[in-house]
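Engineer: Protein chains in written order, with my numbering: chain A, 1 to 203; chain B, 1001 to 1103.
Rather than coming from a laboratory, the hints here were simulated on the basis of the structure. A virtual CB, placed ideally from N, CA and C, is assigned to each residue, including glycine.
The list that follows gives simulated cross-link-like pairs (lysine to aspartate or glutamate, DMTMM-like), each with its CA atoms no further than 25 Å apart:
1. Lys1086(B) x Glu152(A)
2. Lys1086(B) x Glu138(A)
3. Lys1066(B) x Asp76(A)
4. Lys1086(B) x Asp192(A)
5. Lys33(A) x Glu46(A)
6. Lys71(A) x Glu1045(B)
7. Lys1040(B) x Asp164(A)
8. Lys1066(B) x Glu89(A)
Label pairs and their computed distance ranges (CB to CB):
9. Phe48(A) x Ala1081(B): 39 to 45 Å
10. Ala90(A) x Gly1015(B): 26 to 32 Å
11. Ala141(A) x Glu1101(B): 32 to 38 Å
12. Lys71(A) x Val1016(B): 15 to 21 Å
13. Ser23(A) x Met1001(B): 29 to 35 Å
14. Asp1062(B) x Thr177(A): 44 to 50 Å
Footprint (simulated), chain B over chain A, 3 or more residues, beta carbon under 8 Å:
15. 92 to 102
16. 134 to 140
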Amino acid sequence: MSHDHRHPRDQDEGPPCEHEIMSRAMQELLEEKGFLSAEEVRRRMELFEQEYPQRGSRVIAHAWADPPFRKRLLEDGKAACAEWGLDLEADRLIAVENTPQVHNVVVCTLCSCYPRALLGMPPTWYKSENYRRRVVREPRAVLKEFGTVLPENVAIRVHDSNADMRYVVVPMRPAGTGGWSEEQLAKIITRDALVGVTLPKVS
Amino acid sequence: MTPSAYTPAPGRRFGVGDRVRVKAAHPPGHRRTPAYIRGKVGAIERVCGMFPNPEELAYGFDGEPKHVLYRVRFSQTEVWAQYEGKADDCIELEVYEHWLEPA
Chain A
1 MSHDHRHPRD
11 QDEGPPCEHE
21 IMSRAMQELL
31 EEKGFLSAEE
41 VRRRMELFEQ
51 EYPQRGSRVI
61 AHAWADPPFR
71 KRLLEDGKAA
81 CAEWGLDLEA
91 DRLIAVENTP
101 QVHNVVVCTL
111 CSCYPRALLG
121 MPPTWYKSEN
131 YRRRVVREPR
141 AVLKEFGTVL
151 PENVAIRVHD
161 SNADMRYVVV
171 PMRPAGTGGW
181 SEEQLAKIIT
191 RDALVGVTLP
201 KVS
Chain B
1001 MTPSAYTPAP
1011 GRRFGVGDRV
1021 RVKAAHPPGH
1031 RRTPAYIRGK
1041 VGAIERVCGM
1051 FPNPEELAYG
1061 FDGEPKHVLY
1071 RVRFSQTEVW
1081 AQYEGKADDC
1091 IELEVYEHWL
1101 EPA
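Model the full assembly from the supplied sequences, consistent with the hints where possible.
Structural biologist: Structure below.
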C-alpha cells in the first residue's frame, strides 16, 4: 500500500533560514580556527538553560534573609552578587525593590535585553511584541493578564532595559514565611516575580 | 578589582535630580533612544557610567569616545497623553548624554 498521505511537519524541519546558516557558518569557522569547540558551545547553552535560571531565586532569597546584603544588592547589584560568589559575566545588574507603595516591572522595548547570567534565557512572552509594546503604556492591564492585581494605592514603575544595564525586581517577602530557610524561600521566588509580572505567593 | 554595575563618569553634564529633556530628533541608524521617549521631560535617577557609544558599535566601530549613560525617570502622564493609570506611575529608561538637554 502506498504511503501518500502527508504527515504534519515538525517545526524545525525544512530548510534553515538565512540567520541559521550564518550562525552555523560562523561557529564552524571559529571551531576550525581553534577559538572554541562544539562542546564549549553546548556547555554554555546548558548553563543558560539549567543552572542560571536558579541563580536569581537564590540571590533574592539571600537578600530576604540578610538585610545588610539586601542593602548592598540595591546599591550595586553586580558588586553584591560578586561578593556572594556569583559572577554575572557581562551583566551590569540594577536591583529594584518593591515596597508597599511601589511595584516594579521590567521590559526591553527595543529587543529582549534580560539578566541572562542571573535568570537564564528570557521567556517567550518577554520577547513578544505584545508585552514590549503594551507594558510601558498600560502596565496595570498587562499585569492583570498575568493574574496580578495590585492595590489601588500602589504606583507602578516600569523599567525599560533599553541600553547597557540589566534589571531584577526584589519582591516583598510575603507574610507567613518567618523562619523559612533560604532554600524554602527560593522555591516561591519564581522567574516571573523577578521580572515583576507576578508576586511571590505562599501556597 | 570588585566588579560593579557602574563605571566612573567624570566631567558629566548632569547630576541626580536634574531635569532633562530627551531630544526630539529622528536621525537614521541604530539608536538606543526609543521613539516614545523623544521630546519628553524627566529627571536623572542615577548615573550608570561611561559606555562605548552603541550608535557606533552597531556599525563595527569601537564606540570611542565613550558616552555618559543616565537612568532617567519620567512620569507616565508626561509620556502618554492618554495614560489611564495613577498620576505617580512612572517609567525609567537609560539615555545617553548626547540625547539629553537641560529642561
